[in-house]
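Heads up: the sequence lines are chains A and B, in that order.
In terms of numbering that gives the first Met the number 0, the first sequence has 354 at position 355, counting the first letter as 1, and numbering is strictly consecutive.
In terms of numbering that gives the first Met the number 0, the second sequence has 147 at position 148, counting the first letter as 1, and numbering is strictly consecutive.
Simulated from the structure, these hints should not be mistaken for lab results.
Only a predicted model underlies this, so the values are computations on that prediction, with no experimental measurement involved.
Just so you know, not all the hints are guaranteed correct.
[As the list claims (entries may be wrong)] Which bits of chain B does chain A cover? Going by a derived footprint, with three or more residues having C-beta under 8 Å, they are:
{"no.": "1", "stretch": "52–65"}
{"no.": "2", "stretch": "69–82"}
{"no.": "3", "stretch": "168–178"}
[Unchecked claim] Here are some chain B residues pointing at chain A (derived, C-beta under 8 Å):
{"no.": "4", "residue": "Thr10"}
{"no.": "5", "residue": "His32"}
{"no.": "6", "residue": "Asp35"}
{"no.": "7", "residue": "Leu88"}
{"no.": "8", "residue": "Ser99"}
{"no.": "9", "residue": "Ser145"}
{"no.": "10", "residue": "Cys147"}
{"no.": "11", "residue": "Arg150"}
{"no.": "12", "residue": "Glu151"}
{"no.": "13", "residue": "Ser181"}
Cβ coordinates follow ideal geometry from the N, Cα and C atoms, glycine included.
Chain by chain, the residues:
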Amino acid sequence: MSAKRERPHGRREIGREEISGWFDGEKGLIDKNIYVDPDIYELELDRLFGRAWNFMCHETHIPAVGDYFITYIGEDQVIAVRDESGIVQVLLNTCTHRGNMLCRAEMGNAKSFHCTYHGWNFGLDGKLLAVPGGANFYRGKLDMEEWSLQKAAKVEHYKGFYFATLDPDAPSLHDYLGEVGRIGIDQMAVHGELVAVDGVQKNVIDCNWKIAVDNLYDWYHVNFSHRSAIRVGFVGSSVMQPMQQMVMLGEYGHAIGGPGISEEQQAELDKLGDEERARLDRMSFEERAKLAPRISERRPIRPKHMKEVMGPVGVRAMGHPNIFPNLWVSTRALQLSLRLPRGPLQTEVWWFTFLPKNYTAEQRRTAMKYMTHSFGPAGLLEQDDGENWTYSTKAALGRVARRRPQNLQMGLGEDEVREDPSGQMSIETRVNEHAQRWHYRCWSDWLRAESWDELKRSKSRVPTGRI
Amino acid sequence: MSAARAERGATFGRLPPHEQMVLHYQVEQFLYHEADLLDRRRYREWLELVAEDVHYWMPIRRTVTLREIDREFTRVGDMAYYDDNYSDLRLRVEKLYTGSSWSEDPPSRTRHFVTNVQVTDLEGDLVSVRSAIQLYRSRMEDVSESFCGRREDRLRRHGEGFRLVQRHIYLDHTVIHATNLSSLF
Ligand code: FES
Ligand SMILES: [Fe+2]
């Protein structure tokens, strides 16, 4: 893509050097301007959202032919739809005639899409099928092929989770996710065959999308931001800020950050079969603490085979994965959250919820109870997040405040990246900001690179040694 | 019987007009009273008006075509914004008194407008009430939000007054244009 096409008139030129100055990984400093500058935001739409694999929906959101779900790639609205041959298509939701929004319901089932403006009709695969007056007004000369809907360049899924990219040069989804991204999604797949629960929670927060994203790695804020939820006993404080933390970093910016279980704890677990694990998992935490004090903390106990799937290190990671750039897999791993950019100063937060197909009514109730009450705008936890992000963003509008960088220094230079004989790498430590730093470091790689080819060549390698 | 009376449920419709008026008045006064308690931040007193078997629920609304309008709201058991029983509501209320419930400390300034009140049914000591609500919320110095919706309530007679047994809130919004839903509806 030429620089000219990327930057319409009026936008200032942003050079590599400027981009390199926004995040200083050696000092752990972030330029606040990246949260408010409209030109930086535009660059993100082009080089990050326009290039990355973006999460669309799960296969069970659109199980039947004609089922569709409206979502976004950056600010491009797209239709994820199952076409007549059962393939998931991702189509730009804008009529090729004059640009009107084509599909106006956010979900449903359609035989084809009719534009409400002049009635152009498009098939589920995006083909322009018919235009009113095609013979009469266009004299039969309209090139139906040429005026078909624009499609995402690639649509692929990993274990039923569909992603799309607008850039034909993007690597395969498998390669894009890499081991860490795949482990992130495996956290969900652990629970068996999943079905999307009807209903996506959506709300708009006045904050920059990156602040909403990097917060998912932040296990420092929980004891303070969520103190009231802890006080009333909704969650325990040891659950909210476990001392044992583990971070895994993945190429292109994926990461998992949060609690982890030690090798010793895993060795204890390895002795248990699936039935015993399930029994422990069902117990109250107090009961579990008595019976198996070394694996007592409130975490899902993974079934035995997951060690093969996630690897000996991955299976111990209990933190929050982020699929770069903006898909959070929640730690209970039955919910996904998208943090959709809506201009530099707004983010739309979506929560998708899943349940394993084989759950009993009782298990379903317990899981739903936790999920309806934790996250989403009314969630007892998430209620108290939004304003922190809003005012962290807004402060950057102040001319003097903006000059002073933000501090992202926790644990910088204090830890070691350990490599397991399996090749999996992890940082095992206390509460830290390694994953946040990795997020911004990769983010600046994405913005500096002018193409996928360049990004593949110039991206940061997963660090080894001291970090 | 007029259509309006049929719509209002057989039992309520069969009451003599003055009894309908008295019940309607009592119901309205109850709704105004609890709205007033919420706006005056007397949450614990509000909770006293809630029955222990309450279901407090706000489904998710979606933009769908008329042909698929039955999918407009999520159903009970699927995803919702609120799906609370009494102990959940008590958590929400007690959270507000912890001194660290940052989304409401400093507190929001709310105004509950309750209108279009209709008694829709009467079954023993249970009264079904439909109302329209606008919840205006002002926060900090720069937040001004407004939520509109319909409530389907059930009230149980309790001494001279009522207890809230069901509050189903059907918002008129699909995407919530607010940082959070930290208020009670
Ligand atoms: S804009 Fe869609 S038919 Fe004209
Ligand atoms: Fe949080």
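Checked hints:
Counting residues of the stretch 52–65 of chain B whose CB falls under 8 Å from any CB of chain A gives 7; the rule of at least 3 is met. Check result for the stretch 69–82 of chain B against chain A: holds, 10 residues qualifying (beta carbon to beta carbon below 8 Å, three or more required). For the stretch 168–178 of chain B, the proposed coverage by chain A is satisfied: 6 residues have a C-beta within less than 8 Å of a C-beta in that chain, meeting the threshold of three. The beta carbon of B:Thr10 is not positioned within 8 Å of any beta carbon in chain A (closest approach about 33 Å), and the interface hint is therefore violated.
A cut of 8 Å between beta carbons decides the hint on B:His32: the least distance to chain A is about 24 Å, and the hint is violated. Hint status for B:Asp35: violated, given a least beta-carbon distance of 22 Å to chain A, over 8 Å. A distance limit of 8 Å between C-beta atoms decides the matter here; for B:Leu88 the minimum to chain A is near 11 Å, and the interface restraint is violated. A cut of 8 Å between beta carbons decides the hint on B:Ser99: the least distance to chain A is about 4 Å, and the hint holds.
Using the Cβ-Cβ criterion of 8 Å, the hint placing B:Ser145 at the interface with chain A is not satisfied: the shortest such distance is roughly 14 Å. Checking B:Cys147 against chain A: minimum C-beta separation of about 16 Å lies over 8 Å; hint violated. Taken as an interface hint, B:Arg150 does not check out: its beta carbon lies about 16 Å from the nearest beta carbon of chain A, beyond 8 Å. The criterion of a C-beta within 8 Å of any C-beta in chain A is not met by B:Glu151, whose closest approach is roughly 18 Å, and the hint is violated.
Nearest Cβ of chain A to the Cβ of B:Ser181: about 5 Å, under the 8 Å cut. The hint holds.
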